[in-house]
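Below are the chains, spelled out letter by letter.
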Amino acid sequence: MALEHASGDKRFKILEVHMKKHQFRHDALIEILHKAQELFGYLEDDLLLFVSYKLKLPPSRVYGVATFYHFFTLKPKGEHTCVVCMGTACYVKGADKVIGAVQEHLKIKAGETTADNNVSLLTARCIGACGIAPAVVYDGSVTPRQSPESALEHINKWVAK
Amino acid sequence: MILNDLVQIKTKELAARKKVTLRCCMAAGCMSSDAKGVKEQLENAVAQAGLENDVEVRGVGCMKLCCEGPLVQADPQNSLYIKVTPENAPAIIAALHGGTANIPQADPDAAFFKNQLGIVLANSGVIDPERIESYITVGGYEALHEVLREMTPRDVVETMVGSGLRGRGGAGFPTGLKWGTVAKSPGAKKYIICNADEGDPGAFMDRSVLESDPHSVLEGMAIAAYAVGADQGFIYVRAEYPLAISRLQLAIKQAKQLGVLGSGIFESPFNFTVDLRIGAGAFVCGEETALMASVEGKRGTPRPRPPFPAESGLYGCPTLINNVETFANVPPIYRNGAEWFAGIGTEKSKGTKVFALAGNIKNTGLIEVPMGTPLRTIVQEMGGGAPGGAEIKAVQTGGPSGGCIPAQHLDTPVDYESLGKLGSIMGSGGMIVMDDSTNMVDVARFFMEFCMDESCGKCIPCRAGTVQMHNLLEKILKRKATRRDLEKLEELCDMVKNTSLCGLGQTAPNPTMSTLRFFRNEYEALLQPDKYGPGGNGDTNRQPAAEAK
Amino acid sequence: MSFLDLDEFLIDLVDLVDIVYSPVVDMKDYPGSVDVCLIEGAICNEDNLELLHKIRQRTKVLVSFGDCAVTANVPAIRNQLGLGNTESVLQRAYIENAQDNPCLPKADGIVPQLLERVMPVHEVVHVEHFLPGCPPPAAHIKALVSQMLSGVKPNLEGKQIKFG
Amino acid sequence: MAAKTLTIDGKSITAEEGATVLQVAEEAGIKIPTLCHLEGIYDVGACRLCLVEVVGVPKLLPACATKVAEGMEINTDSERLRKYRRMTLELLFAERNHVCAVCVSNGHCELQTMAYSLGMDHVRYEYLFPKWGVDTTQRLFGMDHNRCILCTRCVRVCWHIEGAGTKNVSGRGTKSHIITDLNMPWGESVSCTQCGKCVQACPTGALFHKGSTAGEMERDRGKLEFLVTAREKHQWVVAV
Numbered sequence: 020m021a022l023e024h025a026s027g028d029k030r031f032k033i034l035e036v037h038m039k040k041h042q043f044r045h046d047a048l049i050e051i052l053h054k055a056q057e058l059f060g061y062l063e064d065d066l067l068l069f070v071s072y073k074l075k076l077p078p079s080r081v082y083g084v085a086t087f088y089h090f091f092t093l094k095p096k097g098e099h100t101c102v103v104c105m106g107t108a109c110y111v112k113g114a115d116k117v118i119g120a121v122q123e124h125l126k127i128k129a130g131e132t133t134a135d136n137n138v139s140l141l142t143a144r145c146i147g148a149c150g151i152a153p154a155v156v157y158d159g160s161v162t163p164r165q166s167p168e169s170a171l172e173h174i175n176k177w178v179a180k
Numbered sequence: 032m033i034l035n036d037l038v039q040i041k042t043k044e045l046a047a048r049k050k051v052t053l054r055c056c057m058a059a060g061c062m063s064s065d066a067k068g069v070k071e072q073l074e075n076a077v078a079q080a081g082l083e084n085d086v087e088v089r090g091v092g093c094m095k096l097c098c099e100g101p102l103v104q105a106d107p108q109n110s111l112y113i114k115v116t117p118e119n120a121p122a123i124i125a126a127l128h129g130g131t132a133n134i135p136q137a138d139p140d141a142a143f144f145k146n147q148l149g150i151v152l153a154n155s156g157v158i159d160p161e162r163i164e165s166y167i168t169v170g171g172y173e174a175l176h177e178v179l180r181e182m183t184p185r186d187v188v189e190t191m192v193g194s195g196l197r198g199r200g201g202a203g204f205p206t207g208l209k210w211g212t213v214a215k216s217p218g219a220k221k222y223i224i225c226n227a228d229e230g231d232p233g234a235f236m237d238r239s240v241l242e243s244d245p246h247s248v249l250e251g252m253a254i255a256a257y258a259v260g261a262d263q264g265f266i267y268v269r270a271e272y273p274l275a276i277s278r279l280q281l282a283i284k285q286a287k288q289l290g291v292l293g294s295g296i297f298e299s300p301f302n303f304t305v306d307l308r309i310g311a312g313a314f315v316c317g318e319e320t321a322l323m324a325s326v327e328g329k330r331g332t333p334r335p336r337p338p339f340p341a342e343s344g345l346y347g348c349p350t351l352i353n354n355v356e357t358f359a360n361v362p363p364i365y366r367n368g369a370e371w372f373a374g375i376g377t378e379k380s381k382g383t384k385v386f387a388l389a390g391n392i393k394n395t396g397l398i399e400v401p402m403g404t405p406l407r408t409i410v411q412e413m414g415g416g417a418p419g420g421a422e423i424k425a426v427q428t429g430g431p432s433g434g435c436i437p438a439q440h441l442d443t444p445v446d447y448e449s450l451g452k453l454g455s456i457m458g459s460g461g462m463i464v465m466d467d468s469t470n471m472v473d474v475a476r477f478f479m480e481f482c483m484d485e486s487c488g489k490c491i492p493c494r495a496g497t498v499q500m501h502n503l504l505e506k507i508l509k510r511k512a513t514r515r516d517l518e519k520l521e522e523l524c525d526m527v528k529n530t531s532l533c534g535l536g537q538t539a540p541n542p543t544m545s546t547l548r549f550f551r552n553e554y555e556a557l558l559q560p561d562k563y564g565p566g567g568n569g570d571t572n573r574q575p576a577a578e579a580k
Numbered sequence: 013m014s015f016l017d018l019d020e021f022l023i024d025l026v027d028l029v030d031i032v033y034s035p036v037v038d039m040k041d042y043p044g045s046v047d048v049c050l051i052e053g054a055i056c057n058e059d060n061l062e063l064l065h066k067i068r069q070r071t072k073v074l075v076s077f078g079d080c081a082v083t084a085n086v087p088a089i090r091n092q093l094g095l096g097n098t099e100s101v102l103q104r105a106y107i108e109n110a111q112d113n114p115c116l117p118k119a120d121g122i123v124p125q126l127l128e129r130v131m132p133v134h135e136v137v138h139v140e141h142f143l144p145g146c147p148p149p150a151a152h153i154k155a156l157v158s159q160m161l162s163g164v165k166p167n168l169e170g171k172q173i174k175f176g
Numbered sequence: 014m015a016a017k018t019l020t021i022d023g024k025s026i027t028a029e030e031g032a033t034v035l036q037v038a039e040e041a042g043i044k045i046p047t048l049c050h051l052e053g054i055y056d057v058g059a060c061r062l063c064l065v066e067v068v069g070v071p072k073l074l075p076a077c078a079t080k081v082a083e084g085m086e087i088n089t090d091s092e093r094l095r096k097y098r099r100m101t102l103e104l105l106f107a108e109r110n111h112v113c114a115v116c117v118s119n120g121h122c123e124l125q126t127m128a129y130s131l132g133m134d135h136v137r138y139e140y141l142f143p144k145w146g147v148d149t150t151q152r153l154f155g156m157d158h159n160r161c162i163l164c165t166r167c168v169r170v171c172w173h174i175e176g177a178g179t180k181n182v183s184g185r186g187t188k189s190h191i192i193t194d195l196n197m198p199w200g201e202s203v204s205c206t207q208c209g210k211c212v213q214a215c216p217t218g219a220l221f222h223k224g225s226t227a228g229e230m231e232r233d234r235g236k237l238e239f240l241v242t243a244r245e246k247h248q249w250v251v252a253v
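Protein chains in written order, with our numbering: chain E, 20 to 180; chain D, 32 to 580; chain Z, 13 to 176; chain V, 14 to 253.
Among these hints, one or two may not hold up.
As the list claims (entries may be wrong) - Examples of chain D residues toward chain Z, derived with CB under 8 Å:
#, residue
1, TYR346
2, GLY347
3, PRO565
What the hints assert, rightly or not - In silico DSBU-like links for lysine-lysine, alpha-carbon gap of 35 Å or less:
#, chain 1, residue 1, chain 2, residue 2
4, D, LYS506, Z, LYS165
5, D, LYS284, E, LYS39
6, D, LYS506, E, LYS126
7, V, LYS236, V, LYS188
8, E, LYS126, E, LYS40
9, V, LYS72, D, LYS452
10, V, LYS17, D, LYS215
11, D, LYS528, V, LYS17
12, V, LYS223, V, LYS236
13, Z, LYS72, Z, LYS171
To be clear, the hints were calculated from the coordinates, so they are not data collected in a lab. Everything numeric in this text was worked out from a predicted model, so none of it was measured. The beta-carbon is built from N, C-alpha and C at its ideal position, and this holds for glycine as well.
With the hints as extra help, turn the sequences into a complete structure.
Structure follows, in structure tokens:
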């Protein structure tokens with residue numbers, strides 16, 4: 020069943036080429052999951068099954084690895100992502116207040132996506148941008164010295180659209 | 032590729048030098064404040080002024096004063112512009128001919144810069160990390176040449192032992208000893224791993240090194256590989272560092288093209304290839320056995336040691352694991368000699384250490400100081416103290432595995448042993464300054480929550496113990512805990528420290544234990560009387576039993 | 013009930029102790045200056061809590077008696093539903109599963125409020141000794157009580173401990 | 014093979030090189046508590062109950078994963094070790110919902126037996142009361158995550174004795190749990206051979222034969238050893 024996708028969706032082909040580049044080696048599992056997530060946005064069951072079939076690994080192993088690492092997500096993300104860095108430097112400079120404000124505003128908790136699938140709110144353990152704390156990553160771009168106000172301003176731009 | 036080729040590249044680069052260099056910081060911190068736009072506009076402004084032959088606009092790595100970015104330095108004028116915007120570009124170019132640009136500047140001779148000693152960061156903010164030629168100009172890959180042509184692997188290990196370098200990843204294990212063990216381990220296939228899974232929240236030294244001087248790490252790995260007899264290396268780098276990853280990929284490609292990586296390096300029989308492995312977000316993968324599991328594409332759970340990776344590591348082969356900063360120290364040691372390196376620092380801690388200075392402090396950024404520099408020099412002189420006239424309360428080192436050093440111990444020299452005595456650790460180099468508004472119990476809770484979330488779940492003390500300790504800390508913070516709860520917390524700290532499988536669990540209690548040691552009064556102030564405790568009769572005025580004894 | 017399994021030991025016991033309070037002793041209030049209290053059951057509602065506090069104040073030695081007291085056991089399964097489970101528990105018991113006349117029991121001052129969370133006894137007050145078991149076997153009860161009567165510090169080990 | 018001499022709890026012992034401290038102690042009649050260890054499958058050193066003191070080594074070492082060495086002086090029992098072992102058990106009991114009174118394994122449970130032998134008469138830590146489910150979709154067996162202690166014995170027998178790789182651990186930290194295939198209901202698993210080895214391996218009541226009620230679930234560990242001996246040594250030791 021997982022193979023049927025390969026004929027329909029081009030992205031499966033691209034993924035398979037990537038696996039071939041790694042000679043379908045078991046130790047390339049994490050690299051391949053990175054690629055899969057890059058292509059599909061998240062790792063749904065069929066995709067994981069496809070990977071396990073192609074790499075000849077038990078599905079439980081693939082699932083175990085995919086759920087071990089923070090970076091992989093098994094649920095679709097919203098159109099926009101807001102990642103609040105919760106590293107120590109950001110925390111002592113008020114990242115908790117930033118995330119608190121965003122949570123309250125969007126009425127979701129960290130790790131969740133708004134009901135309209137517009138914004139996903141995530142936290143990071145430290146993005147290494149401590150010099151410009153507190154930092155927030157809006158749709159992949161790191162933004163320095165955020166406050167509850169500036170964060171809400173940014174997010175409202177997405178909501179308004 | 033032979034030495035002559037290196038020399039030629041260097042000569043050509045030096046000959047092409049222009050009168051003025053504008054160095055633009057292109058590290059992740061400044062990039063987030065549009066450093067790219069600044070550089071582009073500077074290039075435009077140079078072109079418009081017709082100064083292409085006189086002025087070089089060079090993208091460089093971290094220029095260290097991250098809080099004031101984007102940074103641009105003009106040489107030989109020695110002007111350091113801060114918080115530069117793309118619109119400032121024409122003014123900066125205009126000011127090259129005398130006069131002053133109306134742009135904020137920092138003093139490049141201030142204590143923040145003057146007290147630094149660059150070994151690891153010597154090239155950071157100076158060379159263009161995206162051009163291997165730029166690295167070669169400052170003597171890059173000459174040490175590798177020297178090692179491959181003039182030294183036996185045994186000599187290489189001995190030099191490392193003589194330098195006294197200790198692992199910069201946290202524990203401070205002597206690097207030479209580690210190299211020697213891997214070199215002696217029998218096995219046809221051996222591996223080198225560079226641990227670039229910088230997971231401590233509040234630490235960004237390794238990121239900066241990789242973004243600013245990736246070739247020094249590659250060269251260090253190649254020298255280590257020769258010393259221990261490995262031909263394959265991996266760099267395990269966090270997915271959260273996209274810029275570091277792309278610069279490393281570029282650096283590996285350039286090094287391969289030039290023949291300083293690959294087969295028959297410098298026309299010797301030595302082969303060495305390096306592959307990148309991108310982490311996927313798991314703090315525990317900083318632990319070496321977990322990291323190896325992850326490199327093998329598995330769940331990043333640690334396993335008991337022994338056997339140590341030096342005997343049985345990646346795919347069961349002898350494996351050398353060092354962190355980024357350790358490898359970056361390697362080329363300078365072989366370029367300048369073990370005695371030179373051993374002459375820097377203290378008796379037991381040689382060389383320098385890079386710290387990421389952050390938190391409630393005026394100058395946040397990257398510093399490299401000789402081992403033994405007093406904490407006070409770092410946070411007061413270089414860091415400029417807490418902003419807004421607040422008092423510094425504590426300095427946290429070692430991240431979730433470290434401790435909080437209170438203000439009364441600021442004169443402690445920074446070296447492995449002194450920090451250990453205070454219940455903290457050197458760690459990888461995160462240094463978070465906390466001012467008097469910080470609640471130390473909350474700090475302990477913050478780190479415990481971190482360890483709880485990052486526990487891999489394999490061993491019981493760490494998996495279940497961190498949850499209980501976290502809940503007890505929350506209970507204390509909510510003013511619902513009694514003295515009995517505090518006793519339980521301390522007992523758990525001891526148990527989790529002594530029984531956990533890997534370093535994560537073994538050090539998870541450190542922030543709690545160190546705040547309990549130095550800020551116990553803050554905990555006690557939150558405790559409630561134990562009305563129904565041992566001997567309790569419900570009387571709130573009664574002294575708790577522990578005190579009555 | 014398991015206490016009654018003590019059989020003839022009960023007769024010896026009567027000579028040695030005065031039973032001053034129990035579900036089958038006709039006493040309205042818990043008396044003062046009690047030497048030993050064997051406490052059964054988990055702490056589920058406001059009444060349990062109030063009585064337990066009173067018992068702790070008026071008793072020298074508390075023994076957590078049986079799995080419900082020691083671990084909160086089956087009554088605590090409702091804790092898995094999270095905080096605020098009291099509503100749904102009552103709903104399920106008195107409305108959904110009611111055979112006839114479904115209604116929530118309500119009488120101020122008579123029907124005690126459920127606590128948010130069911131707790132073992134020692135989570136609320138200090139407890140001197142523990143005797144788990146569902147029920148605690150008579151032999152274990154005898155061992156513990158004998159130790160207390162003879163003045164040695166009770167200490168049950170290995171085969172004398174039993175859960176479930 | 015070279016012999017090593019060492020002492021365990023003051024007793025002089027000669028052991029084969031490559032043997033673990035646990036094996037050697039067992040042969041000498043010294044019982045070291047274990048939970049994640051199971052004869053026939055490789056050790057992971059995860060439960061930390063078998064930690065022992067080795068003179069001259071600052072850290073405690075897991076007996077199951079530590080090889081004997083010449084001159085080792087090992088203590089398997091001390092005030093400190095007993096305290097840690099008891100705390101480990103308390104943490105386990107508080108972590109999930111171990112309600113012995115209604116458990117299929119009541120009376121045949123290794124966790125319960127361990128609690129008795131280590132004198133754990135109550136748990137001082139607050140019970141976490143997590144919400145875990147029970148998977149009864151499989152025709153023959155059931156899995157109650159409330160009783161799982163994450164020893165991963167089932168995962169290891171499934172991988173290394175049966176070879177199917179049906180079971181694994183998902184997630185991490187306290188949220189880790191045992192999965193079948195892609196975290197699907199056990200009954201829908203494609204890879205499961207329904208061999209039941211995982212059920213034989215489980216130390217608690219987490220894995221059980223369907224239809225067994227409180228206290229009925231007994232295990233036959235001998236079957237696992239029989240299989241391993243048969244596969245590895247080609248010796249079929251059938252109990253007579």
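Taking the hints in turn, this is what the structure says about them:
| no. | hint | in the structure |
| --- | --- | --- |
| 1 | TYR346 | violated, 43 Å |
| 2 | GLY347 | violated, 42 Å |
| 3 | PRO565 | holds, 5 Å |
| 4 | D:LYS506 / Z:LYS165 | holds, 32 Å |
| 5 | D:LYS284 / E:LYS39 | holds, 21 Å |
| 6 | D:LYS506 / E:LYS126 | holds, 26 Å |
| 7 | V:LYS236 / V:LYS188 | holds, 31 Å |
| 8 | E:LYS126 / E:LYS40 | violated, 44 Å |
| 9 | V:LYS72 / D:LYS452 | holds, 18 Å |
| 10 | V:LYS17 / D:LYS215 | holds, 23 Å |
| 11 | D:LYS528 / V:LYS17 | holds, 31 Å |
| 12 | V:LYS223 / V:LYS236 | holds, 19 Å |
| 13 | Z:LYS72 / Z:LYS171 | holds, 27 Å |
Hints 1, 2, 8 from the earlier list are contradicted by this structure; the remaining hints agree with it.
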